[in-house]
Structures are given as structure tokens and as C-alpha cells.
Amino acid sequence: MATSVLIVEDEPEFMRRFSDAVLGDPGLSLLAAVSTGAAAKAMLDALAPDVMLVDLGLPDISGVDVIRHAVRRWPGIDILVVTMFGDDGHVVGSIEAGATGYLLKDVAADRIAASIHELRVGGSPISPIIARGVLARFRALPAVKSGAVASPPAEASLLSEREVEILRLVAKGLPFDLVGETLGISPHTVVTHVKKIYRKLAVHSRGEAVYEASQMGLL
Amino acid sequence: MSTIGRARQRIAATWRLWWCVLAVGATLPCAVAALTPPLIEPASAWMIVSDATTPPQADAAWQPTTLPDNWAQTRPGLRDKTSWYRIPFERQGSASWAAYLPYLYDGGQVWLNGALLERIPETNAQVHVNWERPHLLVLPEAMLRADSNELLVRAALTDSASPLRFPRVSLGSLVQLQPLYERRLFWVRTMPQITVVLSLLVASIVLFIWWRRPSEVLYGLFGLAAAMWGIRTLTFVVEMMPTEQWHWWRVAYHSTTGGFIVVMALFALRHADLRLRWLERTLVAYWFIGPLWLASQGSGVETLVGRLWTAGMIPIGLSIVGFSAWAFARRRDVASAALLIAVGLAVVAGIHDYLIAWHADLVGRWFPGWAGHRVFLLHHGANLLLVVMGALLTARFITTLGAIEMLNRTLEARVAERERELAGNYERLGMLQREHAAVEERQRIMRDLHDGLGSQLFTALSRVERGDIGGPDVAQALRGCIADMRLALEASAQDDHDFLAALGNFRYRWDGQLHHAGLHVTWHVDVPDDTLVLPPHAALQLLRVLQEALTNVLKHAQATRVRIAIELRDDALHLSVEDNGRGLSPRQSPGGRGLANMRARADGVGAQLELRSAESGGTAIALRLALSRSI
Chain A
1 MATSVLIVED
11 EPEFMRRFSD
21 AVLGDPGLSL
31 LAAVSTGAAA
41 KAMLDALAPD
51 VMLVDLGLPD
61 ISGVDVIRHA
71 VRRWPGIDIL
81 VVTMFGDDGH
91 VVGSIEAGAT
101 GYLLKDVAAD
111 RIAASIHELR
121 VGGSPISPII
131 ARGVLARFRA
141 LPAVKSGAVA
151 SPPAEASLLS
161 EREVEILRLV
171 AKGLPFDLVG
181 ETLGISPHTV
191 VTHVKKIYRK
201 LAVHSRGEAV
211 YEASQMGLL
Chain B
1001 MSTIGRARQR
1011 IAATWRLWWC
1021 VLAVGATLPC
1031 AVAALTPPLI
1041 EPASAWMIVS
1051 DATTPPQADA
1061 AWQPTTLPDN
1071 WAQTRPGLRD
1081 KTSWYRIPFE
1091 RQGSASWAAY
1101 LPYLYDGGQV
1111 WLNGALLERI
1121 PETNAQVHVN
1131 WERPHLLVLP
1141 EAMLRADSNE
1151 LLVRAALTDS
1161 ASPLRFPRVS
1171 LGSLVQLQPL
1181 YERRLFWVRT
1191 MPQITVVLSL
1201 LVASIVLFIW
1211 WRRPSEVLYG
1221 LFGLAAAMWG
1231 IRTLTFVVEM
1241 MPTEQWHWWR
1251 VAYHSTTGGF
1261 IVVMALFALR
1271 HADLRLRWLE
1281 RTLVAYWFIG
1291 PLWLASQGSG
1301 VETLVGRLWT
1311 AGMIPIGLSI
1321 VGFSAWAFAR
1331 RRDVASAALL
1341 IAVGLAVVAG
1351 IHDYLIAWHA
1361 DLVGRWFPGW
1371 AGHRVFLLHH
1381 GANLLLVVMG
1391 ALLTARFITT
1401 LGAIEMLNRT
1411 LEARVAERER
1421 ELAGNYERLG
1431 MLQREHAAVE
1441 ERQRIMRDLH
1451 DGLGSQLFTA
1461 LSRVERGDIG
1471 GPDVAQALRG
1481 CIADMRLALE
1491 ASAQDDHDFL
1501 AALGNFRYRW
1511 DGQLHHAGLH
1521 VTWHVDVPDD
1531 TLVLPPHAAL
1541 QLLRVLQEAL
1551 TNVLKHAQAT
1561 RVRIAIELRD
1571 DALHLSVEDN
1581 GRGLSPRQSP
1591 GGRGLANMRA
1601 RADGVGAQLE
1611 LRSAESGGTA
1621 IALRLALSRS
1631 I
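These protein sequence lines are chains A and B, in that order.
Each step along the first sequence adds one to the number in this note's numbering, with nothing skipped, and position 7 is 7.
Every position in the second sequence, counted from 1, becomes a number in this note's numbering once 1000 is added.
Incorrect hints may have been included.
Partial pick of chain B residues on the chain A-facing surface, computed with a CB cut under 10 Å [as the list claims (entries may be wrong)]:
1. 1277
2. 1278
3. 1279
4. 1281
5. 1284
6. 1501
7. 1515
8. 1519
9. 1526
Listed below are the simulated DSSO-like cross-link pairs for lysine-lysine, each with C-alpha atoms no more than 30 Å apart in a straight line [as the list claims (entries may be wrong)]:
10. A:195 / A:172
11. A:196 / A:105
12. A:195 / A:105
13. B:1555 / A:105
14. B:1555 / A:172
15. A:105 / A:172
Worth flagging that the hints you see were computed from the coordinates, not collected in a lab.
Glycine is no exception: its CB is placed at the ideal position from the N, C-alpha and C atoms.
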């Protein structure tokens, strides 16, 4: 069964580029392509996409809100954030909201569909800057999940040693095959680890959000 | 028993008397008098002017006279005449008898019933005497008659400025007279001795302070006053003087007496904060008149000097009271009050002494018994005054010390405050510098965007509009622009300016690109983690050089391998790109502009760029950036 894709992109040029890429791949099916956050939410309420491509700079609401909405509605959904340079804190913010991958806007057309497929089989892309951002986020997170675990470096208790090592090597600019080589695992296992890391960050960030909300008396 | 022979007894008695004076004062003689027969103090006697060395016969021209006898009143004009006094008396009771002469300034002889009892040295060619001490003579039992007795006293008067003064002699039991003698001895002899020692000691200390701190004029004046008082008192303590020095001894006496009063006046003026130059000069000038007069005219004028010049000191003394009162009115403190009281007492004492010395009749008119005792009070008034002045200056000294401590504390507080201010200034300065650095950094990046990305876009636009390039070329130009922008973002992205972070992203991007082009890439990064902090613009320029070098490898080198090394050694960062491509010479012209660009960028951050042939035959570009200096 083909992977169903929802595209949320307000710039027509890129909506068309992404749509063409999805339509041109037999393994993918275009569920819908919308240009506003509100429309995306409406679509998510009605339909169950496997993958959502979402631009963060939407005209009405933040792309991060759309991501949260999607994850709440469909916990198993894979979300690719469309970013211009992959440098900004928005990518890490999106991962915290539930995104599992990102797509550069100037990526070659043939890489769009490939990225979606890679995401579906369990691998997430990561760049050195994002690796650093993710590491920093884990350090800042309090260990809210389990009060029993005293954790001086939060990162150590939330991430496994291997996951930390992967992030550190990636941050140095080593390609996945070299990271795998260094750690004695396959490049595919590396990207699977990355996806797990993303999921952990999202879970812990939600936990932190819940914790903060309960602290403020909202819950 | 001789006068001098009683020294030991006298010392013991002096102490006893000292305590008596302190404890019971004048009541002691009264208590003694109650137990023994009354003293005989004849108010009249016989006298005869005679220089005989043995008592004149009873039939000589004895004249009746009253006692005490002061020639200034009874025989004015009679000078330098030695006389004999004959005092008849009846012995009463059986106690051991004695005669007490409160004073016999110029010495003489004492005879009892025609026999010599005591010889008190007189002024002669070698020695000038001036006995301040009283005389107590034991009357030997063997020489006394049962009924009427006769005491004969030769009162010498040789070469003296003063008229003859003969005291009222006291006769009675030794027990009664001893205390009277001891008490007078203490006040006229022991007390001046103590005064001399203490005054000169205090003067030397205070004058030393003044010598070291000349601005403390009050100390100087106090020291001078104490010194002069000490010397003046010395003239009473020293009872025998070689005759040739006697005159100068008297000059010294008058200088120091007048000097003490004048210096006191200056002290009181200063203490009252009155700065009257003319008055100070007048006072000092007046002071000099007396001693100069006496020194130039000889001993003959001493009486005149004593009467006239010394009288002038009375108004000066009164003015001291006035200045002190003024000071007290202004300051209203204990010190000024004490000074005023002490000055008042001293001036009263001084006037009293002057009157006793020169106008005893005036005193005698109001206090008949007193004048004849010839008790001078200025000694004690002046002592009190010196003590008060000393206490006053000590209090000032202590106050000054307190003020200095306070000043020190204030200064410390001020210094601390200044330090805080300075620290604040430094902080503000640091903040400004940081702000300035941030602004500079932003301007550098903007200029960089303008010159780099901007010019690339404008060039591409112009070529597209001219129709020089189309489709793929435009895409390539735009990709170049995006790559450049990405590089700028990577260089500026890290808050901690960690060059390795920027380099990581650069490597991630270029690794794929070089692999894609079929090159075998080796990265050699030998930089410890978190140690290489570079400002973003420097990081950007270095990455640009690397990017330019790698672009050249891709475009021109036709290489199969490329090695990129980043090393930190010898306090310098070494970047190198080495390929195994075509080498240098055949592509000099196409690489020309790229190389110039690289050199310009290296120069911009103070790095050296070297282009050479690699050992593998390709091209090697090496950049060295010294890190010790700021970039």
C-alpha cells in the first residue's frame, strides 16, 4: 500500500515541487496539499496521512502547532519539516513538537521522495547543527519522567550512552557511514537511533510541558 | 644642730607635711598649740643699723621697731645697710626651745644671750646669696636663762636691690615650731625644686613636638612658657651664686618672669583664635624692655625695673584673663573654662605677689598679719596654670588623634566607594566594549553579505539579463549564492563561537558533495574539543578559504583524492587542502582570481596562505593563523 502524504506549504512554487515529487513516485500517494495551518488541521481531523510535509512559516498559525495537532490526532504519523537552511532552532523545536525529520528547501527533486521513504523505514536525517541543538535540549530537560532516577547530567539518564555518542560524532561533521564505522554499527542503525532520539526528545518535551502545566495549575 | 645638718630629718618631715597639707592643712598647728605653751611672736623689737660682726652693746643707739620690719615702708631710702635686731623674750614651760625665722634673705648671724648660735652665709666678694628657705634654730638648754632672754640677729644687706626685710620671729617649743618650719620649707623650697624639674622636663618634650611640627604654635608657646617658668623658679632654688654672675642671674630672672607672662598672653590669644599681629608684637617688644634695661644699666636699676616694668605685667595678666574669657564665651567648653579659672587665679596670685613685694603696706592695711609672712603665691598659681595648659593640649592631642582616626575611616570608606565606582566604570566600559564588538561583528557580516552574496547575485542578474547565461548556469549561480549564505549562517550560528561546530556542518555538507563527485576524501581534524574559539567573521573567512579551495578541486583539479587537514599546533591553526590532481602550472589563469580571493580573505584575518605543489603531484593550499594575537 502506498504511503499517503499530506503537504502543508503556503508557497505555490514549493507546493508544486513537493506535490510533483510525491505524484511522481509510485510508492507515494498525495492525500492533500494545503496552504494554511487551519486547513491542515481540518484535513488531519478528517484524514489519516502516513507522512506530513509541513513548512514552519505558515500564514495563519505556526507550523509547530500543526505538528502538535497531527501527533495528538495520529501518534504514529511521520512528520518532515521543510526548512530553508536546517540551521535554526525551529528544527529542534519541531522535533520537540513531534517531527521526525527535516527537508531542505533546495534539496534536489529526486531526494524528496527518497527522504520520505527513508523516514518510513525508520531513519531520520540529522546534521551537525541539529545534533548539537538536540544534545543541548536534552541537557536542559529536567528528569520529569521518573522522580526515582536521580540524574546529575539529564542527558545521560534520558539518552543511552550510544545515543549520546552518535549525537557527538554527528556534531563533529562525520557522515553516517563513518559514525557507524566508529561505533561498529551499520549506517542504517545510526539513522534508526536518530529517529529514536527524536521520539525521546518529543516525549520528554511533552512530559516537561505537562510538568510545567501542572506546576502552573493548568492541569 | 645646724640648718644644713637637718637635711635628713627635713626630707622625712617634708613627706609627713605633704600628707598633712593634703589631709588636714592648717588645722595641724592649732591642734599642737592646744597641748603646749603659746608661741612667743614679738610684734616689736630693737634695731640698730650696724655692720658690726658681733652684737652692739646694750647701751648703743638701739631704736624700737615693729616686726615684721619692711624698710620699704619704715625706712624708705635707707639702702644696703646691715642691721642688728634685738628681741627680748621670756621662756615659758620646760620643753626644748627653738627660734623660727621664716626668712632671712641675705643671711647674717643669730646670737642667744650674747653667744653666737648660728651663722648664715652672707653676700661677699665671691658669693651672692639669696636665702629663700626659712631657718629653725634650736636654743640650747644651757644657753637659756630661766627668765628673760635675748635673741640678737644680724640681718645682712649687701649689694641688694631690695630693701631690708626682717620677719616676725617665732619663739617656742621645737615641737610647735617644727611644723611651721617644715611647711614653709616645703612651699618655698621643695615645691620650687619639683617645679623646676617638671617644668624643664615638660618643656623639653613639648618643644621637641613643636620642633617636629612647627605648625602647632600652641605647643611651642606652652613649651616656651614651661621652660621660662622652670628657669625663673630655678632662680629661687639656687640660693648661692658667684657674685660676677649675679647680675646676669637677675636678668635671667626678669626675662623669664616677664617672658612667662607674655607667652601666656600669646597662648591665650591663639587659644581664643584672636590673630592680632600688632598686639603680639607689642607684647613681645614690651617683654624685651625689662631685661634689656637691667642688662644695660646694671644692678642699680633693678628696683626701678621691678617696680615699673613688672607693674606693666599686671595689665598684660588682666588681658590674659580677658582673652581667656573671650575664648570661653566663644567655645563654651570645659577646657576654656579651666583655662579661664587657672589664668584668673594666676593673675590674682601675681598681683598679690607684686603687692607683697612692693606695696606690702597696702596688703597690710587689709590683712595685717599676712604681708609679713611674705608668702608668694604666683609659684603655685603658675604651676596650676601650666598643669591646666598641659591638660588642655593633651585633650587637644587626643581630640586630634580621634579626628585622624575618623578621617582615616572616612578615607577608607571613600576609597572603598571609589573602588566600587571604578569597578562599575570598568563594568560599563566592558559592556560598551562588548556592545561595540557586537556592532562591529554585525557590520562585518553585513559588509560581507553585501560584498559576497550581493555582488554574486548582481553579477548573475546582469549576465542573465544580458542573455549570456541561461537555465543550468543560473541554477548553478544561485546554488553558489545559497552555499555562500549557508556558510555565513554556519559560521555565525554558534553562540559559543566554537570553530569546530561550524567546521562540523561544513564537513557534513562538503563530504556528501565531494563523494558525489567521485572523490576520495580524507579529513584530518586534530583540534581538542571546545578549545578553538574564533570570532564568527574569522571563522567565516577560514571556511570561505576552505570552500574556495574545495570548489577549485571540484572544478579544475581533476583529482581523485583530496585531503583536508585542520590542526592546532605551536599556538597556530593550520588548514590545508591537498589534492592529487593536475597540479599548479597548467591552471594558473583559471585559478588566478580564486587564489587572489583566498589571499585577500586570509589577509583579512591575519593569516598566511601558501600555495604549492603537493607531493602527489596535485596542488596544496596551506593556511596558518597564529592564535596568540587577537583577531
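Hints, one by one, checked against the model:
no.: 1; hint: 1277; verdict: violated (83 Å)
no.: 2; hint: 1278; verdict: violated (88 Å)
no.: 3; hint: 1279; verdict: violated (87 Å)
no.: 4; hint: 1281; verdict: violated (88 Å)
no.: 5; hint: 1284; verdict: violated (89 Å)
no.: 6; hint: 1501; verdict: holds (6 Å)
no.: 7; hint: 1515; verdict: holds (8 Å)
no.: 8; hint: 1519; verdict: violated (13 Å)
no.: 9; hint: 1526; verdict: violated (12 Å)
no.: 10; hint: A:195 / A:172; verdict: holds (19 Å)
no.: 11; hint: A:196 / A:105; verdict: holds (24 Å)
no.: 12; hint: A:195 / A:105; verdict: holds (21 Å)
no.: 13; hint: B:1555 / A:105; verdict: holds (25 Å)
no.: 14; hint: B:1555 / A:172; verdict: holds (26 Å)
no.: 15; hint: A:105 / A:172; verdict: holds (24 Å)
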